[in-house]
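*Asks:* Since the structure of chain P is provided, determine the placement of chain G on it from the hints.
Quick mapping for you: the protein sequence lines, in order, are chains P and G.
The first sequence: position 226 = 283 (this note's numbering), numbered continuously.
The second sequence: position 261 = 377 (this note's numbering), numbered continuously.
Quick caveat, the hints were computed from the structure, so don't treat them as lab data.
Everything numeric in this text was worked out from a predicted model, so none of it was measured.
Using N, Cα and C, we set each Cβ at its ideal position, and we do this for glycine too.
Hints are supplied without guarantee of correctness; some may be wrong.
If you want the footprint, here are the derived chain P segments under chain G, 3+ residues with CB under 8 Å [what the hints assert, rightly or not]:
id : stretch
1  : 187–194
2  : 451–462
Listed next, the in silico DSS-like pairs over lysine-lysine satisfying Cα-Cα at most 25 Å (straight line) [as the list claims (entries may be wrong)]:
id : chain 1 : residue 1 : chain 2 : residue 2
3  : G       : 306       : G       : 189
4  : G       : 341       : G       : 380
5  : P       : 549       : G       : 232
6  : G       : 168       : P       : 519
7  : G       : 515       : P       : 190
8  : G       : 461       : P       : 61
9  : G       : 150       : G       : 200
10 : G       : 461       : G       : 313
11 : P       : 355       : G       : 461
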Amino acid sequence: MTDKTLVIGNGPCARSIAEALITQGAEVIVATKKDSADISSAEKVLSNTKLVSCQDSAGSFNILMNRNGEELSETVGNVVIAEEAVREPDFSSYELTPSPDVISLSRLTGLLSDGKSDELSGKKIVFLTGLAKESSPVILEDIMQSCLRLQSNFHAQTYILTKNLKVGGNGLEALYRTTREAGAVYVKFTDVMPEIRQEKDTGVALTFTDEITGEKLRLSPDITVVDERIFPSEDIAELAALLELDTDQNGFVQADNVHRISVLTNRKGIFAAGPSRSIHSPADQVTDAGNAVISVLKPEADQPETAAQVNKGLCVRCLTCYRVCPYRAIILNARPFVVPEACEQCGICTAECPAHAVTIKELTRDEISDQIIKGIPQKKETTTPFLVAFCCRRSAVRAKALASCMGHTLPRGLRIIEVPCAGGVSHEHIFSAFQNHADGVLVLTCHEGNCHSERGNIHARKRTDHISGILSETGFESERLLIRTLASNMAKEFADIVNGFEKTILDLGPSSLSQ
Amino acid sequence: MPDKNVLILGGGVAGLSAALELARFDISVELVEKTGFPGGHAIQFSCKATDKCVKCGACVAEEKLENVTENPKIRLMRNTCVEKVTKSDRFSVTFQTGPEYIDPDKCNGCGVCLEKCPSAGAVMQGFSKHHTPFYAICAEKCLFIKDGSCNVCQEACPEGAIRLDQKPGDYACEADAIIVATGFTGFDPKDKPYGYKVFPNVITNLEAERMLRQQDILLRPSDNKPAERIAFIQCVGSRDASLNHLWCSKICCGSSLRMARRIKARGPETEITFFYIDVQTFGSDFQGVYEDIREEFRMIRAIPGDIFRTDDDRLQMAFLDSNTREPAEEIFDLVVLSAGLTPGKDTEHLAGLLGAELADTGFFSSSRDGIFLAGAARGPMSIAESVASAGNAAWETVKYLSEK
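The following block holds chain P by itself, in its conformation from the complex:
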């Protein structure tokens, strides 16, 4: 184990994380692909450096880097990804071609901050934002700040043409009012967008109907400023692939999953902060930096004693476990090996292993069968079907507890089998339930996109679908097996699902296997 932390990036977010960690006495290595790094106080600052590989798991990642062709290796306890995002102007969406009078928002803010703003004096400047694709508060803030300077310092006349004005950021509604008082004109569009024409000689012309007055208007700006959209940089994509991190639908690091709030990733010991995870406003980046620092300084307590284990005698080295582990907690030596510190005990590997070589103490066939047998009703009445519900600890178990608190009536023959993740419910477990006289078997898991193990619920569904198929082929009613998703806070929904299922089973009568 090492306390060293590798911070990847060179922007304000990376800088504040590295500096804060150093003040707390942590050893920090900063790596950036840029040719200079602005962080001087770190133990090691590596510019022109890219990550080549990352082996092993939380506590001791073995990192290989390349610095100007020279190979460097480091062992670090944590990795923080704090790379910058890229902004791309949306010229083509507006059918515009960049020219001296059609510029991007970054070009404009550059002109304003470089003091080369004489050419903006007294000009008529139109901003196009969120007309083609929805914009964001961080872009609107840049636009409004620019407008304010243009109106107040350069006697320019600014127009903002937009669809939905994204004032959902701190202080933006007040800033919007201030820009209006300074003379900025806002024109909003709902269904019909302005007609935009760009001619070589005459420049840009915009024609539209004002939605409030119905008046036909025409604008011929001196300068047209096109808004930008924010994308993950290639570096972010590369890092995510290399470190085997889940990404959101836009390619930013960190799956769009509430269990990763705020800087967590699918891997213990690897954190994502700021633009890397699509947090772009400067204030929110400061918040993210604080979260990254606190996560590095005091990681969650480990519970390695219940981690998955690979039985060497049974393992056939098919690498299924390695492939399916959502936390990348399985490494390959001569055989697959579970790193206890990185294992989250979801059990997906145990359920997927075709050789039954991977086990987790509480998820073994015997353990689960014992629990099912204990639940078999003593005196079997035909009116109370025996229902076995495999419940994910994070959702269904909590929903069940709340349903009981709220006084919802639940089926008398319902037996809850608590599992760390429904992805760990194997074929064997489900068959064991039917063999042990269950009239119906429920698998209750988290909603898609809400699984802590990211794909545990998808594995569970695949498995139950497969078993349903087998049951149908043998003539056994496949309705006796049901998978449903729900959230931890939905007690009524839990009650409705289990009561509805009881009714289905009552209609079917006792299972032929329970006679």
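*Replies:* Quick look at chain G alone, frame taken from chain P:
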């Protein structure tokens, strides 16, 4: 830092998150919540998943509360309000506690008190299994507390857990730092021309969240029938210069549109109309979601004028149709007002006690001198943002304590 003690004011999602972060540093935490039900607004919110999770974060509050309850470093005090704060080297704080009308050790959660209570709203039900007791007495509505005229619940309780003549107590603690996580108060739309509190079928988005949470469906309060035509009105009390509320409440577009989609997913025949100024971005897949929303719902860019009740107990709404630029009228079964987020009721009083500064908006402005801010006490925030804000407040606190 086992010798350090931090006081957190407010047991909402921000306070809970900050407490858990600090506990990981072996810091002792006193987490003080003024109501009987910790978890704040978030723990009352509904899951808004349709077939997939839509990342509203409502389930996060439940998990945080569970972790706090189980954490030996955190002492969670319910029904507790700050009375006085003095600072020398550390903070000395005194509180008023209780009255604790229901004894948590005796209450078995049977719910007889709620069943028998003749005054609507006087017995409140919890939202989490970690709400112990699962019931609380609302002093403003309880008839015993009003004039001593009723003690039905006390008589009915099979465990003898209810004592309505309880008096408040006091409590004191010393703290090395304070985190203010007192959250927000939902705007009260009674002065807006929408008939809130006059017509039972005009409710706020926070009430809709609770209703969906408890019943899984939006029913008309007047007759408990499912609403077939629902209108959502956005920006009620936000972005409103007449109130000097110059802020966007940030969370309402996401809350209302996600609720609307859940309602539509369960009842595809429900007709939903949205009245809005600008739709704010929520979620990382917003572009696609927004395109779907424009197909699923009628979106009208207008702030309705007023609402009247029709003879058949429906709601007639007048507005300027943005398409025709003509006045129009529509009939709805239920109207949901997206009431904005305003500074917490006690914010000014608390700022006075703490010597903390407030921004022009009336929310707390900035952390200083051992007092740190987390969550919506700083301004409107989503659940995810509140958790992040709390993480950062915990970091600021740790840094302050390590330098002290």
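*Asks:* Go through the numbered hints given earlier and state which of them the structure violates, listing their numbers in rising order.
*Replies:* 3, 7, 8, 11
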